[in-house]
Amino acid sequence: MATIAAFLYPVVRYVLPPKRAAVSEDSVVAAKAGELAPNSAKVFKFGTAPAVLVNTPDGTLTALSAICTHLTCTVRFDGETGTLFCPCHNGSFDLAGNVLSGPPPRPLETYTVTISGPDVIVSRRR
Amino acid sequence: MAKGAARAVWKFLDDRFLISTLLGFAGKKTVPEHGRSFWYFFGGICLFLTGIQVATGGLLLLYYTPHVDAAHESIQFIMGGVKFGWLIRSVHSWTANILIGMMFVHMFSTFFLKAYRKPRELTWVTGFLLLVLFMAFGFSGYLLPWNELSYFATRVGTDIAGSLPLVGKGLKTVILGGPEVSQATLSRFFWFHIGLLPVAALTLVAVHVLLVQTLGMSKPIGERGTREIPFFPDFLYKDALGWTVILVLVGVLCVFLPWEVGTKADPLASTPLGIKPEWYFTFMFSTLKIIPAHILSLEGEKLAILGFMAGGLLWMLVPFLDRRARRGEKSPLFTWVGLALAAYIVVMTVLTYAVPSL
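Line by line, the protein sequences give chains A and B. Quick note: the first sequence, position 77, residue 76 per numbering that gives the first Met the number 0, numbers continuous. Quick note: the second sequence, position 80, residue 79 per numbering that gives the first Met the number 0, numbers continuous.
Mixed in with the good hints, there may be bad ones.
[To be verified] Chain B is faced by these chain A residues, among others (derived, beta-carbon under 8 Å): (1) K44; (2) G46; (3) T47; (4) R75.
No wet-lab data here; the hints were simulated from the structure. Where a beta carbon is used, it is the ideal one built from N, C-alpha and C, also for glycine.
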């Protein structure tokens, strides 16, 4: 038994992926100011995950995590309804991240948007 | 002279591999023939399709590159730059789908004929495990072309594994090779698909076939005095006819509907509209769509996943639960349960395609 365990242990440890330092950014340049037309959106990389920057029809910039809280598909902006929609299981969210319909169990994480010169900066809330 | 040499070679091989004994066994083996013996052929068809999978999968390895920057391009090259590459890949993909379909037919026909009853409980259990393994083959192979659909299907599928209580998070990390779908995931799925799963599946196939050969075909309950036909060559000829029909069907599908390559995966793109997994996962996919976010205080999604796992376990243990069938009596309750399950799978699968907004 101990011999089998001695042979299996290195194999199991080999199969378990090694821990790597997480790429965690607190803020990122998501777009250039004026890049997004009103009522449009852009998916950008925030750390290792996708996030979405939405420019509402009245020109307000909003940023949220683009990872659906149901089964991690990437949400898309629906300009007709002004909501974020997950095509995998038809979940939908408002621009404050709240679940409007479908199976997602939690709201989307929201971020802070600031404009710094020519850049639109998205930061995690503290 | 030639005849003498051939006889010597035959004797040499026979002394070592006991071929005469095996042929003697095959010559004595019989198969019952009755009104429902048509369903016996689906097991042979599954075996035949498994052989095609191994052969075409081996050929695809000549050109496939398991790297996120090259996987999609290598599939495009197979489809467009290699002589008959489109045929080999299409045969592999179409037969994989037909194989799963045939396995479902084989499983349900076995269920309704109650062929799982004593002493064939382990034949049923190994058959069910083979279906699970071949679905895992489908899931791991789906990612290899590294296209948009397969990328998101993998994210959803592995997140389902990740939502399991206690072991979920660790299991997801082991499957993905890290926190998200990446190069590590592609490398692992490639290993699952051509290394781990084939060894497991071929071992189980060997056990399953050995059990079928040792125990013979089951007769339906109440079927008495049926005549028997020789397995070799009568039954095998009929089996081969079924294989030929399937092969023609695969050929027609590959010529008129070659398997698509899709758009290269972009981890930063939004999930495409109308996304769905391979057809054999759609009944579970659509269940996850319609289940409420919360049932009592539990997350609906987790409840559904646990329900599928418990259902699968009970289904695997049917031979031990159906006591009437064990005694050779009809068991209408189990027939109704099987009909309800088959109807649920068919209805949810059809609805996924017929009502995309479900």
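_Given hint A/G46 near chain B, where the shortest CB pair must fall under 8 Å_ = violated, 10 Å
*Hint status (Cβ of A/R75 to nearest Cβ of chain B, threshold 8 Å)*: holds, 4 Å
*Does A/T47 meet its interface restraint, that is, does its C-beta lie within less than 8 Å of any C-beta in chain B?*
holds, 6 Å
_Agreement of hint A/K44 with chain B interface, Cβ distance less than 8 Å_ = holds, 6 Å
In this structure, the one hint that does not hold is number 2.
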